[in-house]
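Visitor: Given next are the chains, with one letter for each unit.
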Amino acid sequence: MKKLLLALFCIATLALNAQQDTTKKGIDLGQIHGNFQADFQYYNTDTLIGAPIVPEKIRSNGFMNLTYTRGNFTAGVRFESYLNVLQGFDPRYKGTGIANRYASYAFDGLEITAGNFYEQFGTGMVLRSYWEPNLGVDNSFDGVRVRFTPVAGVYTKLMVAKQRAFFDKGPGIVRAADGEVNFNELIKKWEDNKFRLTVGASAASIYQKDEDPIYILPENQAAFGGRMNIGYGKFNLYSEYAYKMNAPSAVNGFIYRPGQALIVNASYSQKGFSVLLGAKRLDNMDYRSDRTATLTNLTTNFLPALTRQHTYNLAATIYPYGTQPNGEMAYQADISYKIKKGTMLGGKYGTDISLNISGVNDIERSAAPNDTFGYNSRFFGVSKTILFRDYNIEISHKWNKDLKTNLMYMYFAYNKDIVQFQNYASSVYGIIRGHIVVLDVNYKFSKKVGLHAELQNLYTKQDEGSWAMGLLELSISPHWFIAVLDQYNYGNTVKIERVHYVTGSVGYTRGAHRFMATYGRQRAGIFCVGGVCRNVPASNGLTLSVSTSF
Amino acid sequence: MKKFLPLVAAVLLFAACDKIEGPYSEKPTGNGNDTGAVRRILIEDFTGQKCGNCPRAAETIESLHNIYGAQIVSYGVHAGFFAEPNVAGSKFLTDYRTPVGDELDQFFGNSAAGLPNGMVNRVQNGGNYIQSYSNWGTVLGQLINAAPDAKIKITNSYNAATRQVNTTVNTTILNDLSGNYKLCVYVTEDSIVSWQKDYQLSPQDIEFYTHRHLLRGSMNTTWGTAVGSGSLVAGDAFAGNFSMTLDAGWNDAHCSVVAYLYNTATKEVVQVEEKKITQ
Chain A
1 MKKLLLALFC IATLALNAQQ DTTKKGIDLG QIHGNFQADF QYYNTDTLIG APIVPEKIRS
61 NGFMNLTYTR GNFTAGVRFE SYLNVLQGFD PRYKGTGIAN RYASYAFDGL EITAGNFYEQ
121 FGTGMVLRSY WEPNLGVDNS FDGVRVRFTP VAGVYTKLMV AKQRAFFDKG PGIVRAADGE
181 VNFNELIKKW EDNKFRLTVG ASAASIYQKD EDPIYILPEN QAAFGGRMNI GYGKFNLYSE
241 YAYKMNAPSA VNGFIYRPGQ ALIVNASYSQ KGFSVLLGAK RLDNMDYRSD RTATLTNLTT
301 NFLPALTRQH TYNLAATIYP YGTQPNGEMA YQADISYKIK KGTMLGGKYG TDISLNISGV
361 NDIERSAAPN DTFGYNSRFF GVSKTILFRD YNIEISHKWN KDLKTNLMYM YFAYNKDIVQ
421 FQNYASSVYG IIRGHIVVLD VNYKFSKKVG LHAELQNLYT KQDEGSWAMG LLELSISPHW
481 FIAVLDQYNY GNTVKIERVH YVTGSVGYTR GAHRFMATYG RQRAGIFCVG GVCRNVPASN
541 GLTLSVSTSF
Chain B
551 MKKFLPLVAA VLLFAACDKI EGPYSEKPTG NGNDTGAVRR ILIEDFTGQK CGNCPRAAET
611 IESLHNIYGA QIVSYGVHAG FFAEPNVAGS KFLTDYRTPV GDELDQFFGN SAAGLPNGMV
671 NRVQNGGNYI QSYSNWGTVL GQLINAAPDA KIKITNSYNA ATRQVNTTVN TTILNDLSGN
731 YKLCVYVTED SIVSWQKDYQ LSPQDIEFYT HRHLLRGSMN TTWGTAVGSG SLVAGDAFAG
791 NFSMTLDAGW NDAHCSVVAY LYNTATKEVV QVEEKKITQ
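First to last, the sequence lines map onto chains A and B.
Letter by letter, the first sequence follows residues 1 to 550 of my numbering.
Letter by letter, the second sequence follows residues 551 to 829 of my numbering.
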């Protein structure tokens, strides 16, 4: 490790000199790029919202990525620091260190990588790793990877790696391969054909020693997937199927049943109009390189959501839906239409209307021959248990060159017991149903000064009751913005819990540098995955964020 | 040949899968031997009365006790959000958190990492002490057959009238140990019947749940008292006297003294012993 660090340091020094030298001598010694982010938070105690005492008072998360490239060669390193880790993140992110380092070389259709890398096969149902620092997720692979393109249109990948777990690696060894053929690239005559065809297949196997004194566990756990994309003109049909062999784990409750998943997405799009129809089945598809891992740790695959990812505060944060790896049957329809400009409804600039309907139910389950197998389930068997419903419509209109509005209405139904607590046995909260209305206004006072305002209301009689939210954001380009946001739980049946969660923030941007200060309250939350629940405590305090890229 | 590479790889990977057709459970192999000097392993189960998944961890401990018998010493530590008692209503009113448990939780980060979880002899797993309960058996299996490095003997004398317990702990070092060592002497109470949430049951709030072996407090603070000064040599013997007055609410017949010796740098437990107060 030390040698590697030294090597990277040498490369970095060389490259820094290189950048200066390049201009002088005209010799390419490569380039260094990177990005940096540091968040500091000062914590106040706040008994009203339950914000706990933080002994350190100030905590911070930070990272810096450095990438060196020269010709076909790329090397990179990421330093991470958690002193101590911000509340809401897993405390196993502790201290500082090199969390990611790699070198890669590409030539003659072959790309070789050693060290940490991110990879995805298809939609990721067999294998996907990614880094999301703001959520504390990094399941990068650490090992070797070969990507080979023998002829244009044929892509193959082969890899062996362990996965990152905080500042160490998980116990499982992941062996995986993927092949994809794009016939429109492979066959010259098809290059500009209306008919498009791509076919892919992937396989993975995880080795983890069985030393468990209670169960006899499979030490090699395999998963396979096949995918196909067919297009004709404006139509597109994507389908992917994945199968996981027996892999008892903490998340599935140590059952030996194999897992299956199917996703089908059909779409049609033309100027001003598009339709997307999707359907999905997931059955016992959690796949990790440690059978005892829970929450977001050491996931080897990724199960895509088939529900709209909302960005409006109340729709995104109060009842957010997360894919249920143990089982779901889902559908989604998404239609967008633009009313032409110059018409009565379209006005001078046109009006955009989008309708999105999605629904998720649990899969049907019936008793298996024995408990350890888990359950039986017909492939198209849908349970009556609703997990989630989201019917929303959005109308966006530009009134004149200074004023733009967006109106959203949403009906939702949310199974809090299963989605948040993975509690399949009893109904405590029931299905929470409600409505959300959002009005979003953007107004330009001048070329430099703009105002963004949002008014949101979530109406429900269940759980914590109704919420209102208001946002005012003033931007003075090119450098400044000031914002005030209030989330107000006005409908809470417990009067003392009708709390205002107010935050104010000021931001300054200069080129790639971004500074932001936020002061206020944040709500508590609970999330559970794989039989483990984590409480993200409420907080009250000042956050400073600095980020830049170069 | 190059074109067949992915196909060959796929076939190889297909071969790399073990299908278990049953039986699915191991036969118990533990000898349950608790005579003489054996290595005993400490399992600390971080839990909460309102943690609906935590009964699964308690069941895991029971399964491991069935296999390894008295070679395992365990206690539950109620800590964090899911251990907070309710302030109103009729359920979850008792607070099972302790200053000792809170200090351990703060140091090791258990409740913030999501419950249930715990530690097995405080051995580290990739720089972290926290182990998922489904991993306890595996870690235990790696430790339990090693020869013991120390022997701990607990002698209790209990006055039922004053509820004072006086404890003598004799520690004998069996193998040379480098580093600094401390001894902790905790008190636990078994079979407390009280509320517990369980997501696998309906209704999920269980009024008469039996909480096994809960940590109640320490006779010599959270981090204990030093044993010797610096490295220990085989044959070294130490004796220490400790005492505590039991809380009026604790059932003395169910209380035990748990004493463990640990390395102050790694925090790893060398040996643990348990003895009932009224025995």
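Treat the hints with care, since some could be wrong.
The calculated lysine-lysine pairs, modelled on DSSO-like cross-linking and capped at a C-alpha distance of 30 Å, are [to be verified]: (1) A/Lys340 to A/Lys444; (2) A/Lys94 to B/Lys817; (3) A/Lys404 to A/Lys341; (4) A/Lys404 to A/Lys338; (5) A/Lys209 to B/Lys732; (6) B/Lys569 to A/Lys169; (7) A/Lys341 to A/Lys416; (8) A/Lys162 to B/Lys569; (9) A/Lys495 to B/Lys569; (10) A/Lys209 to A/Lys94; (11) A/Lys398 to A/Lys448; (12) A/Lys162 to B/Lys732; (13) A/Lys209 to B/Lys641; (14) B/Lys826 to A/Lys57; (15) A/Lys234 to A/Lys94; (16) B/Lys732 to A/Lys416; (17) A/Lys169 to B/Lys825; (18) A/Lys461 to B/Lys826; (19) A/Lys416 to A/Lys348; (20) B/Lys826 to B/Lys703; (21) B/Lys732 to A/Lys94; (22) A/Lys271 to A/Lys189; (23) A/Lys338 to A/Lys348; (24) A/Lys271 to A/Lys234.
Calculated from the structure, these hints are not laboratory results.
Visitor: Hint by hint, say whether it matches the structure.
Guide: Tested hints:
1. A/Lys340 to A/Lys444: Roughly 23 Å between the alpha carbons, so the hint for A/Lys340 and A/Lys444 holds.
2. A/Lys94 to B/Lys817: With a Cα-Cα distance of about 17 Å, the restraint between A/Lys94 and B/Lys817 holds, given a limit of 30 Å.
3. A/Lys404 to A/Lys341: Holds: A/Lys404 and A/Lys341 sit about 14 Å apart, inside 30 Å.
4. A/Lys404 to A/Lys338: Distance of about 15 Å is within 30 Å: holds.
5. A/Lys209 to B/Lys732: violated (34 Å)
6. B/Lys569 to A/Lys169: holds (26 Å)
7. A/Lys341 to A/Lys416: With a Cα-Cα distance of about 43 Å, the restraint between A/Lys341 and A/Lys416 is violated, given a limit of 30 Å.
8. A/Lys162 to B/Lys569: holds (22 Å)
9. A/Lys495 to B/Lys569: violated (56 Å)
10. A/Lys209 to A/Lys94: holds (27 Å)
11. A/Lys398 to A/Lys448: Given pair A/Lys398, A/Lys448 holds - Cα atoms ~19 Å apart, limit 30 Å.
12. A/Lys162 to B/Lys732: Given that 30 Å is the threshold and the Cα spacing comes to 36 Å, the pair is violated.
13. A/Lys209 to B/Lys641: Violated - the C-alpha atoms of B/Lys641 and A/Lys209 are around 43 Å apart, more than 30 Å.
14. B/Lys826 to A/Lys57: violated (42 Å)
15. A/Lys234 to A/Lys94: Violated: A/Lys234 and A/Lys94 sit about 50 Å apart, past 30 Å.
16. B/Lys732 to A/Lys416: Status violated; Cα separation ~46 Å.
17. A/Lys169 to B/Lys825: Measuring from Cα to Cα gives roughly 39 Å; hence the hint is violated.
18. A/Lys461 to B/Lys826: Measuring from Cα to Cα gives roughly 52 Å; hence the hint is violated.
19. A/Lys416 to A/Lys348: Judged against 30 Å, a Cα distance of about 44 Å means the pair is violated.
20. B/Lys826 to B/Lys703: Holds. B/Lys826 to B/Lys703 sits at ~12 Å (cutoff 30 Å).
21. B/Lys732 to A/Lys94: At roughly 25 Å apart (the allowed maximum being 30 Å), A/Lys94 and B/Lys732 satisfy the hint.
22. A/Lys271 to A/Lys189: holds (27 Å)
23. A/Lys338 to A/Lys348: Within the cut-off at roughly 13 Å; holds.
24. A/Lys271 to A/Lys234: With a Cα-Cα distance of about 10 Å, the restraint between A/Lys271 and A/Lys234 holds, given a limit of 30 Å.
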